[in-house]
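Colleague: Read off the chains here:
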Amino acid sequence: AQRVTQPEKLLSVFKGAPVELKCNYSYSGSPELFWYVQYSRQRLQLLLRHISRESIKGFTADLNKGETSFHLKKPFAQEEDSAMYYCALSGSNQGGKLIFGQGTELSVKP
Amino acid sequence: EPEVTQTPSHQVTQMGQEVILRCVPISNHLYFYWYRQILGQKVEFLVSFYNNEISEKSEIFDDQFSVERPDGSNFTLKIRSTKLEDSAMYFCASSGALGKETQYFGPGTRLLVL
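Those protein sequences? They're chains A and B, same order as listed. Letter by letter, the first sequence follows residues -7 to 102 in the numbering used here. Letter by letter, the second sequence follows residues 146 to 259 in the numbering used here.
Take these hints with a grain of salt, some might be off.
[Claimed, not checked] In silico BS3-like cross-links for lysine-lysine, where the CA-CA straight-line distance does not exceed 25 angstroms: (1) A/K49 with A/K65; (2) A/K7 with A/K49; (3) A/K65 with B/K187; (4) B/K223 with A/K1; (5) A/K1 with A/K101; (6) B/K187 with A/K57; (7) A/K14 with B/K202.
Honestly, the hints are just simulated from the structure, not real lab data.
The whole structure should be built from the sequences, with the hints applied where relevant.
Modeller: Now the structure itself:
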């Protein structure tokens, strides 16, 4: 079954602390993995994708095929990072659809 | 920067009524999608659309749902006879290519069925 799992509904950290938002996936082929972010009252927007291997707003994510994970990390959280984060998967034979995880709400306290 | 737009932002309707949700994708995009998110649940794929036909649809997208690109710019989702469980946020998205390309999302339409 194709599935994306984000085990934490809410993650609360203090400003300056490291952050790791977990994402595990189940897919039989070679998926593309994405992290989307939704700030308060804004639309879903792409944060990063594994194929581009770049760092956006200090966030990075590495695809670990052995552990089927794509965890999102940032060494020093900022208050403006507070948002909903969604991990998503797209497969080569899926017609482009995204399969989303439940989302993790990140709250960064001052 | 071009954006996907959706109208209306909110819609309240009575059970059994038809609703049409409208989306204007990014102008040079070729692939269009509808997703929905019931309150407290995950974002779920409904349908993808390319070259004036449905590419893929989920189990949710039954005979009560239809999509159309009537005039080359709008992309609509119609629910023929709404049910209480259709209450959700509906997101439109578009991309320039299939599968591994970035999908750009609209702000969503919040549908409430009473």
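Colleague: Does the structure break any of the earlier hints, and which numbers would those be?
Modeller: 4 and 7
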